[in-house]
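Asker: Chains A and B supply the protein sequences, listed in that same order.
Count the first sequence with this note's numbering and you get residues 1 to 114, in order.
Count the second sequence with this note's numbering and you get residues 1 to 113, in order.
What the hints contain is simulated information worked out from the structure, not anything from laboratory work.
Some clues are possibly wrong.
[Unchecked claim] Label-pair ranges, simulated between beta-carbon atoms:
#1 A:41 - B:72: 17 to 23 Å
#2 A:40 - B:16: 25 to 31 Å
#3 B:28 - A:77: 32 to 38 Å
#4 A:27 - B:83: 32 to 38 Å
[As the list claims (entries may be wrong)] In silico contact screen, one side only, chain B against chain A (beta carbon under 10 Å); selected entries:
#5 32
#6 42
#7 90
#8 91
#9 93
#10 94
#11 96
#12 100
#13 105
#14 106
Just so it is clear, CB atoms sit at the ideal spot from N, CA and C, and this is done for glycine as well.
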Amino acid sequence: ETGVTQSPTHLIKTRGQQVTLRCSSQSGHNTVSWYQQALGQGPQFIFQYYREEENGRGNFPPRFSGLQFPNYSSELNVNALELDDSALYLCASSLTSGASDTQYFGPGTRLTVL
Amino acid sequence: AQSVSQHNHHVILSEAASLELGCNYSYGGTVNLFWYVQYPGQHLQLLLKYFSGDPLVKGIKGFEAEFIKSKFSFNLRKPSVQWSDTAEYFCALWDTGTYKYIFGTGTRLKVLA
Numbered sequence: 001e002t003g004v005t006q007s008p009t010h011l012i013k014t015r016g017q018q019v020t021l022r023c024s025s026q027s028g029h030n031t032v033s034w035y036q037q038a039l040g041q042g043p044q045f046i047f048q049y050y051r052e053e054e055n056g057r058g059n060f061p062p063r064f065s066g067l068q069f070p071n072y073s074s075e076l077n078v079n080a081l082e083l084d085d086s087a088l089y090l091c092a093s094s095l096t097s098g099a100s101d102t103q104y105f106g107p108g109t110r111l112t113v114l
Numbered sequence: 001a002q003s004v005s006q007h008n009h010h011v012i013l014s015e016a017a018s019l020e021l022g023c024n025y026s027y028g029g030t031v032n033l034f035w036y037v038q039y040p041g042q043h044l045q046l047l048l049k050y051f052s053g054d055p056l057v058k059g060i061k062g063f064e065a066e067f068i069k070s071k072f073s074f075n076l077r078k079p080s081v082q083w084s085d086t087a088e089y090f091c092a093l094w095d096t097g098t099y100k101y102i103f104g105t106g107t108r109l110k111v112l113a
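Can you build the whole structure from these sequences, using the hints too?
Answerer: This is how it looks when you write it as structure tokens:
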């Protein structure tokens, strides 16, 4: 069974640019959640996708958007990057939406905005 | 607003000492509560979760947590820690109204051999 994978591992961008981060969910999982983890902080929930639809969203502006594909892999897109967007971005997949199923986290993508 | 507070940011213990990590939450609805752990160099993983029923929840690796509704707390405990418990621990809740997770800021535990 393949776990959750994320790409790329590290990324450096400049202010104003756009970035796309990718996540492959664990086999059989139809739900993906994305988190932002700044240094020294806990993960901040960005949004969750369930069967290709956004299912819940945290307090992030619209320049944070996402997609989930028919194979349940997912993308996180961030437009107009700001310095404060520098963080570790985590993806987690689960069998279904809601809290009853365990989330399995990926290793994260470290984004640096200069 | 919903929130999760972990007041101990860093904890250092010797092996065999007992552990209790505090977690308090602010939420008016039905709570779904979690403890996650991140070992050095590894992914975040679930330790245990509480949805309803017995307020004393047992998780992996000998950890347990007690849900005390009157205190809005969900503290993590382990009677005797090992060096391998060195990790960062996060308390979290699932907001059943808005469908979002809320994590605390984490507690870094270091266990001295």
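Asker: Next item in the hint list is residue 32 of chain B. Is there a CB on chain A closer than 10 Å to its CB?
Answerer: 4 Å, holds
Asker: Answer holds if the nearest beta-carbon of chain A is closer than 10 Å to that of residue 94 of chain B; otherwise answer violated.
Answerer: 4 Å, holds
Asker: Range first: 32 to 38 Å. Now tell me if the beta carbons of residue 27 of chain A and residue 83 of chain B are that far apart.
Answerer: 34 Å, holds
Asker: Has the hinted range 25 to 31 Å been met by the Cβ atoms of residue 40 of chain A and residue 16 of chain B?
Answerer: 29 Å, holds
Asker: Measuring from beta carbon to beta carbon, are residue 28 of chain B and residue 77 of chain A in 32 to 38 Å?
Answerer: 33 Å, holds
Asker: Does the nearest C-beta of chain A fall within a distance shorter than 10 Å of the C-beta of residue 106 of chain B?
Answerer: 5 Å, holds
Asker: How about residue 100 of chain B: closest beta carbon in chain A under 10 Å, or not?
Answerer: 5 Å, holds
Asker: Starting from the hint 17 to 23 Å, judge whether the C-beta atoms of residue 41 of chain A and residue 72 of chain B obey it.
Answerer: For residue 41 of chain A and residue 72 of chain B the Cβ distance comes to about 21 Å; the hint holds.
Asker: Closer than 10 Å between Cβ atoms is the bar; does residue 90 of chain B clear it against chain A? Give me holds or violated.
Answerer: The hint holds - residue 90 of chain B has a Cβ within 10 Å of chain A, the shortest such distance being about 5 Å.
Asker: Is the hint on residue 93 of chain B kept, meaning its closest Cβ partner in chain A is under 10 Å away?
Answerer: 9 Å, holds
Asker: Are residue 105 of chain B and chain A close enough, Cβ to Cβ, to be under 10 Å, as the hint says?
Answerer: 5 Å, holds
Asker: Mind checking the CB of residue 42 of chain B against every CB in chain A and telling me if the closest is under 10 Å?
Answerer: 9 Å, holds
When each numbered hint is compared with the structure, no violation occurs for any of them.
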